[in-house]
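Construct the complete structure from the given sequences, taking the supplied hints into account.
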Amino acid sequence: MSEGKWPAQKVRQTFFDFFEQRGHSIVPSGSVVPHNDPTLLFTNAGMNQFKPIFLGTVGKTDPMFSLKRAADSQKVIRAGGKHNDLDDVGKDSYHHTFFEMLGNWSFGDYFKKEAIAMSWELLTKVYGLDPRRLYVTYFEGNPSLNLEPDLEAKELWKAVGVPEDQILPGDMKDNFWEMGDQGPCGPCSEVHYDKVGGGRNAAHIVNKDEPMVVEIWNIVFMQYDRQKDRSLKPLPAKHIDTGMGYERLVSALQDTESNYATDCFTPIFNQIQTVTGVRPYTDKYGKDDADGIDTAYRVVADHIRTLSFAISDGAVPNNDGRGYVIRRILRRGVRYARKYLNAEIGSFFSKILPALVDHMGTQFPELVKKRQDIEEILDEEEEAFARTLDRGEAQFEKYAAEAAKKNVTKLDGGVVWRLYDTFGFPVDLTKLMAEERGLDIDEAEVNAAKEKAREASKAVKGSADTFSKLNVHQIAELEQQLNVARTNDDAKFSKGDSKAKVQLVFDGKTFHRSTKDLPPATAIGILLDSTNFYAESGGQVADTGRVVIDDVVEFKVMDVQNFGGYILHSGYVEYGVLSAGDEVICEYDELRRSPIRNNHTGTHVLNHALREVLGEDINQKGSLVDSEKLRFDFSHKTQVKLDELQKIEDSSNAYIRRGSKVYAKDVDLDLAREIEGVRAVFGETYPNPVRVVSIGMDIDTMLKDPKKEEWRQYSVEFCGGTHVDHTGLIKDLVIVEESGIAKGIRRIIAYTGEAAHQVQREAVEFSKQLDALDALPFGPEKEAQLKAVSVALSQLVISTLTKDKLNQRFQKISTAVVNEQKKRQKAEAKTALDTVLKHFEKNEDSKWFVGRLPIGGNAKALAEVFKHFQGKEKEKSVYLFGGNEAEGTVVHGVFVGSHLSSQGVTAEQWAGSVSGVVGGRSGGKEPLRQGQGTNPERIDDGVEVAVKWLEEKLKL
Numbered sequence: 001m002s003e004g005k006w007p008a009q010k011v012r013q014t015f016f017d018f019f020e021q022r023g024h025s026i027v028p029s030g031s032v033v034p035h036n037d038p039t040l041l042f043t044n045a046g047m048n049q050f051k052p053i054f055l056g057t058v059g060k061t062d063p064m065f066s067l068k069r070a071a072d073s074q075k076v077i078r079a080g081g082k083h084n085d086l087d088d089v090g091k092d093s094y095h096h097t098f099f100e101m102l103g104n105w106s107f108g109d110y111f112k113k114e115a116i117a118m119s120w121e122l123l124t125k126v127y128g129l130d131p132r133r134l135y136v137t138y139f140e141g142n143p144s145l146n147l148e149p150d151l152e153a154k155e156l157w158k159a160v161g162v163p164e165d166q167i168l169p170g171d172m173k174d175n176f177w178e179m180g181d182q183g184p185c186g187p188c189s190e191v192h193y194d195k196v197g198g199g200r201n202a203a204h205i206v207n208k209d210e211p212m213v214v215e216i217w218n219i220v221f222m223q224y225d226r227q228k229d230r231s232l233k234p235l236p237a238k239h240i241d242t243g244m245g246y247e248r249l250v251s252a253l254q255d256t257e258s259n260y261a262t263d264c265f266t267p268i269f270n271q272i273q274t275v276t277g278v279r280p281y282t283d284k285y286g287k288d289d290a291d292g293i294d295t296a297y298r299v300v301a302d303h304i305r306t307l308s309f310a311i312s313d314g315a316v317p318n319n320d321g322r323g324y325v326i327r328r329i330l331r332r333g334v335r336y337a338r339k340y341l342n343a344e345i346g347s348f349f350s351k352i353l354p355a356l357v358d359h360m361g362t363q364f365p366e367l368v369k370k371r372q373d374i375e376e377i378l379d380e381e382e383e384a385f386a387r388t389l390d391r392g393e394a395q396f397e398k399y400a401a402e403a404a405k406k407n408v409t410k411l412d413g414g415v416v417w418r419l420y421d422t423f424g425f426p427v428d429l430t431k432l433m434a435e436e437r438g439l440d441i442d443e444a445e446v447n448a449a450k451e452k453a454r455e456a457s458k459a460v461k462g463s464a465d466t467f468s469k470l471n472v473h474q475i476a477e478l479e480q481q482l483n484v485a486r487t488n489d490d491a492k493f494s495k496g497d498s499k500a501k502v503q504l505v506f507d508g509k510t511f512h513r514s515t516k517d518l519p520p521a522t523a524i525g526i527l528l529d530s531t532n533f534y535a536e537s538g539g540q541v542a543d544t545g546r547v548v549i550d551d552v553v554e555f556k557v558m559d560v561q562n563f564g565g566y567i568l569h570s571g572y573v574e575y576g577v578l579s580a581g582d583e584v585i586c587e588y589d590e591l592r593r594s595p596i597r598n599n600h601t602g603t604h605v606l607n608h609a610l611r612e613v614l615g616e617d618i619n620q621k622g623s624l625v626d627s628e629k630l631r632f633d634f635s636h637k638t639q640v641k642l643d644e645l646q647k648i649e650d651s652s653n654a655y656i657r658r659g660s661k662v663y664a665k666d667v668d669l670d671l672a673r674e675i676e677g678v679r680a681v682f683g684e685t686y687p688n689p690v691r692v693v694s695i696g697m698d699i700d701t702m703l704k705d706p707k708k709e710e711w712r713q714y715s716v717e718f719c720g721g722t723h724v725d726h727t728g729l730i731k732d733l734v735i736v737e738e739s740g741i742a743k744g745i746r747r748i749i750a751y752t753g754e755a756a757h758q759v760q761r762e763a764v765e766f767s768k769q770l771d772a773l774d775a776l777p778f779g780p781e782k783e784a785q786l787k788a789v790s791v792a793l794s795q796l797v798i799s800t801l802t803k804d805k806l807n808q809r810f811q812k813i814s815t816a817v818v819n820e821q822k823k824r825q826k827a828e829a830k831t832a833l834d835t836v837l838k839h840f841e842k843n844e845d846s847k848w849f850v851g852r853l854p855i856g857g858n859a860k861a862l863a864e865v866f867k868h869f870q871g872k873e874k875e876k877s878v879y880l881f882g883g884n885e886a887e888g889t890v891v892h893g894v895f896v897g898s899h900l901s902s903q904g905v906t907a908e909q910w911a912g913s914v915s916g917v918v919g920g921r922s923g924g925k926e927p928l929r930q931g932q933g934t935n936p937e938r939i940d941d942g943v944e945v946a947v948k949w950l951e952e953k954l955k956l
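187 is the number that the UniProt record's numbering gives to position 187 of the sequence shown; each next residue is one higher, with no gaps.
Some clues are possibly wrong.
Stated by the list, open to error - Subject to a maximum C-alpha distance of 20 Å in a straight line, what follows is the list of computed SDA-like cross-link-like pairs (lysine to any residue):
#, residue 1, residue 2
1, K509, A523
2, K450, R328
3, K805, D643
4, K68, I26
5, K51, K233
6, K10, E121
As the list claims (entries may be wrong) - Cβ-Cβ distance ranges computed for the label pairs, FRET-style:
#, residue 1, residue 2, range
7, G920, E762, 34 to 42 Å
8, Y686, E783, 54 to 62 Å
9, A290, G508, 53 to 61 Å
The set of hints was computed from the structure by calculation and includes no laboratory data.
Just so we're clear, the structure is a prediction, and the values are computed from it rather than from any experiment.
Just so it is clear, CB atoms sit at the ideal spot from N, CA and C, and this is done for glycine as well.
In structure tokens form, the structure reads like this:
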């Protein structure tokens, strides 16, 4: 691994220096998570953040509006959608799911000649790469799309000194760059580097997936916009968009055969070795990597980069879209780390993270800022997967052995889906494991199994609100006739799975010893002797999850309720038969329970803050704690003021950030009531002993001196819910609503954890919209944007405090726009009237005027003119037009004076002739008619028609 003259950091800085000296602004990387672009899972190219410039839609007040030349190092993830390199990572020397894209840009400034000259100069003169090892391509054309060969680019490459036999034509796939199915695109020239060199001519293996001849730079001549119908429309201006693979360039400059054999990765490899104790990385591939350890090094190093940058920019692992991509990547990496590096799973990736932060944190400070969040999310996800990893791998081995025994080379699709559904193995991870065993996977079979499971789930979800309940007679039957013991649910406060024994199955009317004779996809309940599932109570929603015997039976738990100590798990059997006496594994959904824990502890913190800010008379009147939010109802005579909400939120977050430990203990009820400041719900009946939850102070210490005034500084409540280990895990508490629900009762809704961070991000994005709106010049565009922003603001679910500030800003902008509108309308009304009066002054005998006025689409200005003639010059008639094509508006209207009306002219008929031309309709009562048209480009035609119609009517 040779850094030599070109360590990675120097390579990047040299790129910046080169283009800065040539008039380019060095801009920071855009987010790798395109929050405002629904067409992309991740930023997959350097040009994404400049898309508005290419499309000509960038606002005049946007900081990018004045950019003519720019350069950057863009964070890129290619692990989903059109650009997906996930399957190649680890297997070859040059693919990554995360990489840096060095780019230089021209926005309507220089074009092909300058871009080609600068790229060749940088590569050969500044970096000193051997010109004989560089090959360039150009677009060969596509007659079916009426695209000519880009011979101009070919000649320009020859002009800078590239030999003709190193200039090669390329097709649409390689030499026509498109960001996606729609958007900016154009022909491109690629630069490829031959890592072998030695005087050979490698032209015949360019773009042939030869690992020793790799593309390092792509120079796109951005000149088209791909439409929905796949047609190409010329962009408003021609641009240059280049992207150079940073890691590939470093490899070329350090003269290594592999990107991974450079100092882009060695700091991470060193950390992996330190954490796992595995042998050093040796950069071997395929069969040469006999023990698979080098491949695992590459996968883990690549994946920690992708995971960390995605999470730092706001992508949270989940089961949908980009969140699912992140979860898949983590689980894929975890499996490699465990299988080949003998890593201990649960906090493996977070132990690798420090090396990444140290190595890349200077260039990308968001890694430093979000380090703790990244660690916590990685650990939470890893821990959740660790719970089923062993069992899932064992099950896979069983399936693989059965396939070998049957001498088949395909893994059944239903089996693949089961590995995901039961054990959390993403399909691509199972596919990877299958490939290691020489097995194929039929995607169609997997999708069929997925759809079958989805339909079964959907059928039962429809009855979720009416899941069976145990009535008093059935409870008595369980206790007195069937001798079934009440469920032991002590494990609900523990993390991880638990074992249990099936007692009975309940179909809503009758108890059964088996599901054998019950119809499939039937909503049923099961009773276990013990459970780790949380049954709905105290405002906290029930857990969901599954009860399983691996590869024998799986019961999907969709609701859990406690009936007199008998805990009923409601749901449906996914496959197999469940019978009384079966030993099962209980798995609640940890990734769902985690935010519930955040919200429940957050509720206690909020309750404490309310008492501190609003006083001792605050009493809880109800609550709801689910995976999305917390809702807290409390007694208070008046609306909570904004400054009070600010204090409540600040107090809550100060408590959270102290990282206070959460204590829980069952205490004698009378003794527990003695603790100073303890909170309980008035009128609630509590068991004895009662569970006491304290945040920040050990309960035994409190019980030694329960009346100590100091205990009021802590949240102490009677509570049977699940909680975080320490408040730091909650991260943030954001109040999104405060309202009254009854006389003397108020309600607060708040978000915690990642949900709180998401609403904070949305507030920041909306604030940018307000900045752009405020900076727009007064006119129709600003007025249209004002309406759109108003609707968006009303629908925005963010911090109540932040929303109030945004509302104030919006109202200020709105008031300014209204004032300007009034000012403009007044000025335009004067201009309109002056224009018409001047006509009659010059033409004293004229009894009518038809014309286009020098005003915008200002219906009020027309009305002011009509008002004048209705009052002072009733014998005269006017047909007026306003608006223009730029605004996209047209207004028109007519007043028929006594002179023309006496000759049979009506406003309705006259306006009707014009509406057919300018579009829309007109309305009003004789002798007045006004309308708004839809064809502003035909205003002059409307004027002409109005004149002709009148002339024909009067037979002039």
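Item checked: Earlier hints that do not hold, by number -> Structure breaks no hint.
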